[in-house]
Each structure stands twice: as structure tokens, then as C-alpha cells.
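Visitor: Following the hints, put chain B in place on chain A, whose structure we already have.
Protein chains in written order, with our numbering: chain A, 1 to 386; chain B, 1 to 386.
A portion of the hints provided could be inaccurate.
[To be verified] Computed cross-link-like contacts, SDA-like style, restricted to lysine to any residue with a CA-CA straight-line distance of at most 20 Å:
| id | chain 1 | residue 1 | chain 2 | residue 2 |
| --- | --- | --- | --- | --- |
| 1 | A | K303 | A | G285 |
| 2 | A | K12 | B | L40 |
| 3 | B | K12 | A | D41 |
It should be emphasised that the hints constitute simulated quantities derived from the structure, not laboratory data.
Number of protein chains: 2
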Amino acid sequence: MIYLDNAATTMKKPPQVGEAILEALQHMGNSSRGTHAGALDAARSIFATREKLAAFFNCPGADHVIFTSNITESLNIAIRGLVDPGDHVITTDLEHNSVLRPLYSLEAEQGVQLSFAGVDEKGRLDYDAMEGLFRDNTKAVVCTNASNLTGTVVDVKRVADMAHAHGALLIVDAAQTAGTRRVDMAELGADVLCFTGHKGLLGPQGTGGLCIREGVEIRPLKAGGTGVQTYNRQQPSEYPTRLEAGTLNGHGIAGLSAALDYINEVGVDAVEAREAALTVRFYEGVKDIPGVTILGDVSDCIKNGRLVKPHAGIVALNIRDIDSGEVADILSTGYGIATRPGAHCAPRLHEALGTKEQGAVRFSFSWFTAEEEIDAAVEALRELAG
Amino acid sequence: MIYLDNAATTMKKPPQVGEAILEALQHMGNSSRGTHAGALDAARSIFATREKLAAFFNCPGADHVIFTSNITESLNIAIRGLVDPGDHVITTDLEHNSVLRPLYSLEAEQGVQLSFAGVDEKGRLDYDAMEGLFRDNTKAVVCTNASNLTGTVVDVKRVADMAHAHGALLIVDAAQTAGTRRVDMAELGADVLCFTGHKGLLGPQGTGGLCIREGVEIRPLKAGGTGVQTYNRQQPSEYPTRLEAGTLNGHGIAGLSAALDYINEVGVDAVEAREAALTVRFYEGVKDIPGVTILGDVSDCIKNGRLVKPHAGIVALNIRDIDSGEVADILSTGYGIATRPGAHCAPRLHEALGTKEQGAVRFSFSWFTAEEEIDAAVEALRELAG
Numbered sequence: 001m002i003y004l005d006n007a008a009t010t011m012k013k014p015p016q017v018g019e020a021i022l023e024a025l026q027h028m029g030n031s032s033r034g035t036h037a038g039a040l041d042a043a044r045s046i047f048a049t050r051e052k053l054a055a056f057f058n059c060p061g062a063d064h065v066i067f068t069s070n071i072t073e074s075l076n077i078a079i080r081g082l083v084d085p086g087d088h089v090i091t092t093d094l095e096h097n098s099v100l101r102p103l104y105s106l107e108a109e110q111g112v113q114l115s116f117a118g119v120d121e122k123g124r125l126d127y128d129a130m131e132g133l134f135r136d137n138t139k140a141v142v143c144t145n146a147s148n149l150t151g152t153v154v155d156v157k158r159v160a161d162m163a164h165a166h167g168a169l170l171i172v173d174a175a176q177t178a179g180t181r182r183v184d185m186a187e188l189g190a191d192v193l194c195f196t197g198h199k200g201l202l203g204p205q206g207t208g209g210l211c212i213r214e215g216v217e218i219r220p221l222k223a224g225g226t227g228v229q230t231y232n233r234q235q236p237s238e239y240p241t242r243l244e245a246g247t248l249n250g251h252g253i254a255g256l257s258a259a260l261d262y263i264n265e266v267g268v269d270a271v272e273a274r275e276a277a278l279t280v281r282f283y284e285g286v287k288d289i290p291g292v293t294i295l296g297d298v299s300d301c302i303k304n305g306r307l308v309k310p311h312a313g314i315v316a317l318n319i320r321d322i323d324s325g326e327v328a329d330i331l332s333t334g335y336g337i338a339t340r341p342g343a344h345c346a347p348r349l350h351e352a353l354g355t356k357e358q359g360a361v362r363f364s365f366s367w368f369t370a371e372e373e374i375d376a377a378v379e380a381l382r383e384l385a386g
Numbered sequence: 001m002i003y004l005d006n007a008a009t010t011m012k013k014p015p016q017v018g019e020a021i022l023e024a025l026q027h028m029g030n031s032s033r034g035t036h037a038g039a040l041d042a043a044r045s046i047f048a049t050r051e052k053l054a055a056f057f058n059c060p061g062a063d064h065v066i067f068t069s070n071i072t073e074s075l076n077i078a079i080r081g082l083v084d085p086g087d088h089v090i091t092t093d094l095e096h097n098s099v100l101r102p103l104y105s106l107e108a109e110q111g112v113q114l115s116f117a118g119v120d121e122k123g124r125l126d127y128d129a130m131e132g133l134f135r136d137n138t139k140a141v142v143c144t145n146a147s148n149l150t151g152t153v154v155d156v157k158r159v160a161d162m163a164h165a166h167g168a169l170l171i172v173d174a175a176q177t178a179g180t181r182r183v184d185m186a187e188l189g190a191d192v193l194c195f196t197g198h199k200g201l202l203g204p205q206g207t208g209g210l211c212i213r214e215g216v217e218i219r220p221l222k223a224g225g226t227g228v229q230t231y232n233r234q235q236p237s238e239y240p241t242r243l244e245a246g247t248l249n250g251h252g253i254a255g256l257s258a259a260l261d262y263i264n265e266v267g268v269d270a271v272e273a274r275e276a277a278l279t280v281r282f283y284e285g286v287k288d289i290p291g292v293t294i295l296g297d298v299s300d301c302i303k304n305g306r307l308v309k310p311h312a313g314i315v316a317l318n319i320r321d322i323d324s325g326e327v328a329d330i331l332s333t334g335y336g337i338a339t340r341p342g343a344h345c346a347p348r349l350h351e352a353l354g355t356k357e358q359g360a361v362r363f364s365f366s367w368f369t370a371e372e373e374i375d376a377a378v379e380a381l382r383e384l385a386g
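So here's chain A without its partners, still in its complex pose (with noise of 0.2 Å):
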């Protein structure tokens, strides 16, 4: 199988990843529960990844590093932690069901505004329309990094300029870009950051967590057992702690570890380069063919055979108006090549781009992503538009 769903979940890991999570479990006990040697190992290897991740996002402690079961929980926690009844959130045209869902919501059952700042013909995001929607209750913005359907890439600085200077919070989905891009939050203004285990890094399913600027105090969505403070009848209020109950995911989490020492090891910057000549490639192959029709910005991105600005590893298409399902059935079944047609849960963003009917095939790249198999989905794409 040729794998182009990166977006969806990496499916190659480094093979650091499986051997990590086979030695965590064979000796690791269950950290903060006890002092004996398995539960400190665990907590050992938890606190390491934290601080790698730490390091990595540029979050200013290893303490603000949360770990959650995926970026949509990590997203919930954020949104539903922050968001009082009664304020107002803006949020964009481009962002997934999991920024959208917890905003409605919220909006439904406790009367939370929210504003939604739209997006061009090429899903560029309107930033000076933005600027329009600040009102006096304004608590947060929440946005993405990277569109899951086009790549386009949002310049999340001048958002976070915009929401600070109106005293606004910016919550940042970097599900796209984690591990694939440099992700710095405090460069990028992200109060607070939430990442995702199983794409960009590399990592196993079932990890992810968010990174949380100093100062920024979250109410948990979860409470339960923390293996401290039992007798305290509410969560504890320190960072990690607050946002975990329960027994964290140590044996993914080792294996998360280990795909971030690789990824430092080849280098993000390597990582992004392969990505856009991916792109680039992929682009090029496919623009010309009769009947094709690209979303989304990446023909603004690519000026003479590379990427001159930020796109993240995604290119989504149709061929003239077959449905989006059955390019990517003929792809699977006829070319053993696996893309993901239909909505990519971005309603709003297919809504704006005429899409909704039709949908559209996403092909996304990773690291471990051949140039033989992008000439292959090139080659397969000229025949089916044929």
C-alpha cells in the first residue's frame, strides 16, 4: 500500500517507537503510585517526555506539559477550561470538528458567543475581518496552525498579536504541524498550545497533551485519582496533576519518547524541507492534468519548483465532479494507493469552498513518505482524469 493519510495518522514509526513501548512494558509500574522501582520508572520516563516536549514546543516547563489520550481531548480541555458561560470566543473557518463541536456546545448549553472568521476562494483566512470581531467579552481564540483539509498554513503570530492586544487567549491546534514544522509557542503567541501524539511525531495512537503558558489557569474537565493529595475532595491544583486523573498511558508515552528523539536526531528542519519537496513534487505532478482542481492555497506557496511559503504535507483535489469517495475507492482498490475523500470533519471550511457535496481526496505526506510513491498517485491521478 502506498499510504498518503499522514494527515489522518502517520502509519510508518521509526522503529524506536515499537521497541520503546515493548521495554516499557515489560518493567514499568504505574507512576506517582508508590516508590518502588516500576512506579518510578514510570514516572521517570513520563517526566522525561515531558521535558522533551517541553523543550521541543518551547513551553516554559516541563510542568506545563499535560498529556492527554489525543488532541480533541486536549482541544475539550482547553476549550471547556478556559470559556466561562457568557463569553465570547472567535474561531475560524478552517478549524476541525474538534475546535467546532466543544464550541457549539458550549454556545448551546451555555450561552457562549461565538464568531467565526471566514476564509477567501483559495481558504486563506480573512485576518483583517478578524480584527472585526473582538468584542468586550472576548476570552479566547481558538485556531488552528495548519488547515487538515487544504495545509494552508495560518500565521498564527499575527493572530495571537490581534487576540493579546484585545486581551484575548489563543488556544492553537497544531494537530497539523507538531513534529513537522517548528512549533514554538512562544513565538508563535500560543497561550495555549495542543498537540497530538500519532501524526507529526511520530508517535503511537493514544498519546497527545497541551502545553500551557505560565500563568494561564485551566479548570479540569476530568477528576479523579492522582495518586497525591487523596484526601483533598478536589483535583489538586498544580500543574501536571490539575488536567490528569488517572493512570497516564505510560507504555505510549515511551513510545512518544522515542519518536522524539528521532525526530531530533534527523532534525524538524529536515523533516519540514522533505515535506514541502513532497509538496512540491505532488503539486507539480498533478497541476496540469486535465480536470484536476486543487484546493487551497498551495498554488500561492510554490514558486519555481519550492515552497516560498509555509504549506504543511497536504494537497486536496477533485477530478472535475466525480465524488470525492469514489476517486479515492478507485485509488485504494486499483492502485493500492490509501487517501482520505469526503468532509475531513472540516465542515465549515468545506461549506466555504464548495465543497460540501463533493468533498475532496486528501493526499498527505510524511517524512517516511517515498518519491516513488508521489510519482505513483501522480501516474494514477492522469489516468483516472483521463
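Guide: Just chain B, lined up with the frame of chain A:
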């Protein structure tokens, strides 16, 4: 290390657990995200595990088996998703903070009324007193299947009959019983059964779930991407999707599935019998050591060298008035024996048993615990108490 902290997490897993995770790491895509081989592989693996769990716990259907990252999340989902402001909830002094803290939060934030069924000096639940706690607005009873501190097994069927007679739902915490004895949700009368994967089920950390009786409607705790019904602003109403937002821990679930196969192969009755034999061996070894005080009702459960009443594979004790942490430290550093001292996230039971200050040293066993390990622990205690 002699690992006797299996009530926190089982350290030794069947070898096929690691193999299954490795295998999944090699070809698993993202369940319910796309129809290519990788995604279908993930979807099939996860659905097959739901079916196994449904059969294992006698849950009415695989679609009513929900995956979570641990039982704390399961309990938070069940409790927060069923209890409304102004409702009354009954629970017990045997509960873990994974039950108590969510309930205390609801009490503080939403005016939920709480009542606690107490225990006697051996930590046995006072069922008659519980009967008197029901009110017209009692919505639910939340009750453990077995104490994580003393190993005392609760007559859940009796609690269920009371709850149902009063029109209340029963939420069962099976953290200490799932995988180590027959847990049949219909037989127990559980409306919601919460379980974790990394203890008696011998699976990896990061797995757990809840089984829901047909007709019980739980509100989602989290919302987000589901891979289906993208244009629905709410979380889809169908189980299991309703309660599962974001990418599941497919790699961990593959490990849990292999662990279930292992338990089904040896037979859960054999596991129960083995843990019973280990418990008896340990109890008989320590009960007459001068200075050793055993907590709970284990003495009632053992007659003539065998278990005559159900008891989990847990024995908690103290040596005279020595701090439990000190005893556990000496056991760990001097004898290489891993136990769990302190409060075990069970504040009300320690208060009821008068061990709030001292805590207790908990010894907990698993299918993989060897007789020689039990004997070494007994010998160490004899030396320590001498």
C-alpha cells in the same frame, strides 16, 4: 523485583500483548477515517475488540462498548453524563477518588446531593443503611465491585436490586475485578460497567472503557471529530461514536485485544482461582506474625485454607504503628519487593478504618505472581515485624 502492586497496574503482560501492539504499529491507519486498507484494518481491529469485550462482560452489544483512556475517564463520562443538577446520588465509603472527586465536583458546581453508605470496622458495606439513603430524586448509585484498598468484594447484585427498586441507575467501578473474576453486567445488574485495560485485563496502559445497558443515555463529556456526520454540529447520537471523540488508541486496543484472548484462553475462572490461592497463601503466612494488623474482611473470607467468600487478590496491612511508607520503602530497597503504601486514593475507607495517618501497605497479586514471591514477602514481613 518482586512486583506485588498489581492493583495499581499489572506489570507483567502476556507476550502477545506487545506483539499485537508492534503488529498494529506496522499497518494500522486511523479507524473510521477513510476506507483504504489501513483505515479498515484499524476499524476491524477495534470493532473486534468491542465484540470481545461485549462477550466478556455480557454487554448487550458491541456498539455499547465505549473505549476510553482509563477507567477514571470512564467513570467521569458515566457520572457527569447521567447526573443532572439537583439530582441525588448514593455512593459508598469504599470508593476510589475516581468516583469521589467527580461526585464532589458535581456537588460543588451543580448542587448535586450526595449520600454515602458506610462500612463496618472490617470495611464491609452496610447494605441496610444504604437502603435508607434513597430519596425521590436519587438518580444513581455509584459503587465499586471491590475495594482497591482492602480487596473487599461488594455484593453488587444486592446494591443493584435496591437501586432499581428505587428507580435509580447503577454505575459499577470494576477496576479491581475486570479480568480477575467473572464480571457479568446483566447478572450484576449494572446499568453502566466501567473497566480499565491495564490492571486485571493485562492490557497496556492507555486503554479502558465502559459498557452501557441498552436504553441508558449518557451525555458526551468531550466532542470532536468522529469521521462520520461531519456536518452535524453535535456529537453523533449513536453509541459508541457519541462518547468517543478523536482518534482512538488503536495500537493500545490491539494490545488489549490480545490480552483478552489470553485471559479467555486460560479462563477467567482459572485466574480467579489462582489469585484466590495466592491471597490465601499470603494471608495464612502473615496473619499470625506479631505486630501485623490486617485491614478489611479477608479473615472472614478464608476458612480452612481456602477462600469461602469472594475477595480480590489484595491484602493491606500495617506493622504496629510504623508509617506505611517506611515499611514499603524497606520492602522495596531491602528486599526488592514492590508494594503500595499510603492512602491508595481511597480517603473515606482509610478514615473509616482509622488508618488516615498511617496509611497501609498494600500487597496485590496477579495471574503471573509466583508462590515463591508470596513466600518471600511473608518472610520479609516476618523479619521486619520481628
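Visitor: Are the hints correct? Go through all of them and say.
Guide: These are the hints, each one checked on the structure:
no.: 1; hint: A:K303 <-> A:G285; in the structure: holds, 14 Å
no.: 2; hint: A:K12 <-> B:L40; in the structure: holds, 16 Å
no.: 3; hint: B:K12 <-> A:D41; in the structure: holds, 14 Å
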